[in-house]
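Asker: Take a look at the letters that make up each chain.
There are 4 protein chains.
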Amino acid sequence: MEVLSSVNIPKRNEETHKGDYGKILLIGGNVNLGGAIMLAARACVFSGSGLITVATHPTNHAALHSRCPEAMVIDINDTKMLTKMIEHTDCILIGPGLGCDFKGNNAITFLLQNIQPHQTLIVDGDAITIFSKLKPDIPSCNVIFTPHPKEWERLSNIPVDEQTYERNREAVDQLGSTVILKKHGTEIYFKNSDYKLPIGTPAMATGGMGDTLAGMITSFIGQFDNFEEAVTSATYTHSYIGEELSSSMYVVPPSRLINEIPYVMKSLES
Amino acid sequence: MEVLSSVNIPKRNEETHKGDYGKILLIGGNVNLGGAIMLAARACVFSGSGLITVATHPTNHAALHSRCPEAMVIDINDTKMLTKMIEHTDCILIGPGLGCDFKGNNAITFLLQNIQPHQTLIVDGDAITIFSKLKPDIPSCNVIFTPHPKEWERLSNIPVDEQTYERNREAVDQLGSTVILKKHGTEIYFKNSDYKLPIGTPAMATGGMGDTLAGMITSFIGQFDNFEEAVTSATYTHSYIGEELSSSMYVVPPSRLINEIPYVMKSLES
Amino acid sequence: MEVLSSVNIPKRNEETHKGDYGKILLIGGNVNLGGAIMLAARACVFSGSGLITVATHPTNHAALHSRCPEAMVIDINDTKMLTKMIEHTDCILIGPGLGCDFKGNNAITFLLQNIQPHQTLIVDGDAITIFSKLKPDIPSCNVIFTPHPKEWERLSNIPVDEQTYERNREAVDQLGSTVILKKHGTEIYFKNSDYKLPIGTPAMATGGMGDTLAGMITSFIGQFDNFEEAVTSATYTHSYIGEELSSSMYVVPPSRLINEIPYVMKSLES
Amino acid sequence: MEVLSSVNIPKRNEETHKGDYGKILLIGGNVNLGGAIMLAARACVFSGSGLITVATHPTNHAALHSRCPEAMVIDINDTKMLTKMIEHTDCILIGPGLGCDFKGNNAITFLLQNIQPHQTLIVDGDAITIFSKLKPDIPSCNVIFTPHPKEWERLSNIPVDEQTYERNREAVDQLGSTVILKKHGTEIYFKNSDYKLPIGTPAMATGGMGDTLAGMITSFIGQFDNFEEAVTSATYTHSYIGEELSSSMYVVPPSRLINEIPYVMKSLES
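Protein sequences, first through last, are from chains L, D, S and P.
For the first sequence, full-length UniProt numbering assigns the number 1 to the initial residue and increments by one for each residue that follows.
For the second sequence, full-length UniProt numbering assigns the number 1 to the initial residue and increments by one for each residue that follows.
For the third sequence, full-length UniProt numbering assigns the number 1 to the initial residue and increments by one for each residue that follows.
For the fourth sequence, full-length UniProt numbering assigns the number 1 to the initial residue and increments by one for each residue that follows.
Please keep in mind that the hints were generated in silico from the structure rather than gathered at the bench.
Because the structure is a prediction, the values reported are computed rather than measured.
Certain hints may be false.
One copy or any two copies: either way a pair holds, since identical chains are not told apart in the list.
Stated by the list, open to error - Listed next, the in silico SDA-like pairs over lysine to any residue satisfying Cα-Cα at most 25 Å (straight line):
1) K80 - N106
2) K23 - F224
3) K103 - V31
4) K23 - D161
5) K11 - E260
6) K84 - K150
7) K133 - F102
8) K18 - K266
9) K103 - H88
10) K18 - K196
11) K80 - D101
12) K135 - E166
The shape of chain L in the complex, shown without the other chains (with noise of 0.2 Å):
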C-alpha cells in the first residue's frame, strides 16, 4: 500500500456558484441516532457543499437546523419527495444513524431502485451492516463503503484479526466497490490503487467521528472532479485535524473537529 503523506485540495475558480460544488443527499438519522445525520450534515457544509439536502426522521428537523441552518431538510419516509430528490442529486450518503431495523432496510431498498449510473454512493455505518445482511446487488455506480473493522467483517466475511492486505484487497475486488476501513492507519482501497494513512489518533476514538468522516467524503466527492483524490483527500484532511487538534486536546469532539474543516483546507489547498 502507498503511504499517503500528503494531499492537494484544488483552488477553486472564481467565475462559480453553489451549483458547481454538489448537490448533495444525506439520508439518515432516526428517532435515536439523529446526532449522527446533523455531525454528517455539518461537516458537509463546512467541506464546501454547495446544496445539502437532509432525509432524516422529522423528530430531528428542528436540532438539525438549530445546529447546521445552511441543510434542507425532508422527511426520511416521504417516499415522494425523497425520489424527487434522489433524482436531483449527484452524490448520496446513507447510514450515519438510520438504524438496522425495517426501515433502514426499507431507505436502503428504496435508494438502490432509484439511484441512477452517474451518481455516487457513500454507504457508511448501519447501511453497512444492513447491506451486509441484505445482500443486495451492488448498483452500477460509483460506491464507497466506510467501515470499521467490525462493520468490514460483517461485509467481507474476514474476521477482525485476520484483515490482512492481503485479503482485504481480494475481497475489496471482489465487492468491486471503493473501500475505506477506518482504523488506527486507515486503509483506503481502490480498483487499481490502495492508501494507507500514517497519521491519526486515538483522541479521535468516539463517537460520530465516523459520521464526521462519511459527510466530508460526501462533500469533497461533490465538489471535486478527480474521484479518488476527492476520497484520498477528505480522509487524510479528517485525521490531519484529528492529529493537529489532539497535540491540545484529551479527545476530539467531532463537533470541534468539523470548526476546523474549512481552516485546515484552505492551508492544504494547493
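For this one, chain L is given, so just place chains D, S and P on it according to the hints.
Answerer: Chains D, S and P in isolation, oriented as in the chain L frame:
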C-alpha cells in the same frame, strides 16, 4: 457601471433607541427550507436591526429561537397576525426558504394585497421565481430583487449567457425596481445608477449565502436613511467579510460570516 | 441625581453553595415572543444565579434548553406548578415576551395573588404595559419597574418629552416602587436616592437588550444582600459591557453581551 | 483524609477504538429538568466517552441533539428499549433532572431490577433523594453516590452540621458504596481510603455544576481501568477547571466548564 470600491456606514446617534433602527418583517421558511429564514434573521440581528419578526412555518420556531432569540416569530399561515405585522413594519423581506408551491404563491399574493407605498419590499430566492411565474403588478413601494443569474433569467427573460450590462440595464428599467444581480462581481442596478463589486470570492459559493445577504440588505435599509447607500453598503459589507474570511477559510459558512458583521460594520463606520 | 461612576461586586464567600445565590423565577415568553425570556434566563445563569426556573409557553421549552441547559422550565399555564414555584422563590421577574393579551393579564393577576412580602418582584416589558392598564394594587413586597420612556409614559402618565427629573421623581414617589428608566443615560430611582448612568451606547439599541438587563437585575438581587447595590451594580455592569463591546462592534447582540458577564463581573469584583 | 493534590490521566493506546472507551447510559431529565441530563451528556462527550446513550423524556430529545449530537437518545419510558440498553452498558448514571415523583421512583426501581454485577452505577441528584426514601437494597455492583451535604443528610441521616469525617466514614462503611460529598473541599470516600480536594471555588456554586461532575465521573469510569483513580481524576479535573476559569470569571457556567475538559485532561495526561 461604477466600481464600488468602498462604503461608509453611518455612525449611530447617541439619543436613539431600538425603534429608530427599523421594524423588520421576514417571510419565509417552509417545512423543508427553514434554515434559510433563520440565517436571514440572524444576519438582521447582527447587522443592527431594532425589531425583527419572522413569519415562518411553526416547525421552524424552536430552531429559530434556539439560534436567534433576539427575533420574534409568527406563524406564516396566521393571516390575521400577518396582516397586523405587515401594517406595523418598515421593511419586508420575502423569499428565503419560502418554497415555490401554492403556499409560497399565497404568501406573496397576500403580501402584495397588504403592502403599503411607504414600505420597502425585498424579494429574494423562491419569491423571485414565483414573481417570474405569477407576474403580479409590482407594488408602488420601493422594491428590490436579489436574483442570482438563473433567477434573473426567469425574471428578465434574458438567458444567463446573454446577461450583458446593456440588456440587464434595459430590463431593470422596464421592471422599475432595484436589482442586485448576485455573481462573481455582483452588480447593483438602481433607477439612475449602477455599481459593480470588485470584491467577492468563490469561497462564498455555498448554500445560505444569499439568504444572509438578503437579511443584511433588509436590515441596512431599515436602519439607514439613504436607500441607495443602504443597499450598496450591505452588499459591499457582505462580500468584504467573505473575502476577509476566505484568506484563512477554504469555504465561508454563512453562519460564520454572520458572526463577523458587527466587527466589520464598525471598521467601515464613518 | 448622583452620577453612578463605578460599582463594586461583592466577592463570594468560600463556604457557600448554589442555594446561597438566589432562587429565581422568570415568567414570560408566549408563542411569539419566547426569545425574550430565553435571553433573560441566560443572563441570570451568566450573572451567577444559583437556581433558575423559567415559566413559559411549552413551545419555548426546547429552544430554552438548547440555549440554556442550566435553567429549569415549567409550563406558564400550569397554575399548580406555578403556585409551588412562586412559594419557593426569592426573586421573580415577570414580563419579557409575556404578551399584552388576556393570557399576560392572567399571569400577572395570578402572580399578584400569590406573591409574598419577603420576595422581590421585577416588572419588565409587556408586564409594565399590563400594569399600566390594569392598575392593580402594588404588592407589599419590594417592586422594581424597568420601563423604557414609552412604557414609563404608560405607567406614570408623563409624556415622553415631559419626563424631567422632577416629574419622574414625583411619579416614582407616588408609585412607591423602584424604577429603572432605560434610555440614553439610564436613570435609577429608589425611595430615597436616585442615580444616573454616565455610560451606555446606541450600539445597545437593539431588540432583547432590555430582557437581558431584566435578567441581570433579577440575578444580582437574588445574590447580593444590599438591594440598592444589587440594582445599581446590575444596571451599571450591563451598560459597561455594552460600551466595552461597542469599541469593536457596530451593534451589540444581546446574546454576545451575555457571554461577557462573568468576565466583567470578575473585573468589577471588590 | 489524604489531600488529593494531583492526578494523572492515562495516555490512550494507539491501537484502540471508540468501543474501548466505555458504553455509557445516562438516565434522567423529566419534562421540567431536562437541562441537567444534557449537561451530563455533553460532559461525557468532552471527557472522551466512546458511546453515550441518554434515556430521557421525549420533550428533551431535540434540545439534547441540538447541544450534543454525539449522544444517542431513547425515551425514558420505553422499558423495552431501556432494558436492552442497560444490558449493553458498562456504566450507568441515574439522577440528573430525574425528578422526585413516582416516575423517578419507577425509573430507579426498574434499573435496580436490571442492573448487573459487572456494571457501575452512579447515583446523583434526585436519584439520591429517592434512594433515601425508598431504601432499596444496594445492588451488588460498584455503586457511587454523589450527594451535596443536604442530600447526604437524607441518605446517611447525619444532619448537615454534624457531618464530621468520623461520622461520614462510618456511614459510608455501613452503606458499602463510594461516596463523593460535594462541598467546599469535596470529600471522596472509598471502601479503604478517602480523599479531600484542596481545590474548588464558590464560582462553581451554580445550578448544573453537579450534573456536569456526574457526567465526568461516569465518563472517566467508563474509560479507565482503575476505578478509584477514575473517580478521583474526574472529581479533581472538574474542580481544577472551575478554579482555573474562576481567575477570570465571577461565576463559571457549567456549559463553559465542559468546553475546557479536553484541554485540561490533556494537560493532566501522564
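Asker: Confirm or reject each hint.
Answerer: Right, here's what the structure says about each hint:
no. : hint        : in the structure
1   : K80 - N106  : both (14 Å within a copy, 23 Å between copies)
2   : K23 - F224  : within (12 Å within a copy, 38 Å between copies)
3   : K103 - V31  : both (11 Å within a copy, 22 Å between copies)
4   : K23 - D161  : between (39 Å within a copy, 22 Å between copies)
5   : K11 - E260  : both (18 Å within a copy, 24 Å between copies)
6   : K84 - K150  : between (34 Å within a copy, 21 Å between copies)
7   : K133 - F102 : within (12 Å within a copy, 42 Å between copies)
8   : K18 - K266  : within (18 Å within a copy, 29 Å between copies)
9   : K103 - H88  : both (23 Å within a copy, 22 Å between copies)
10  : K18 - K196  : between (32 Å within a copy, 20 Å between copies)
11  : K80 - D101  : both (21 Å within a copy, 15 Å between copies)
12  : K135 - E166 : within (23 Å within a copy, 60 Å between copies)
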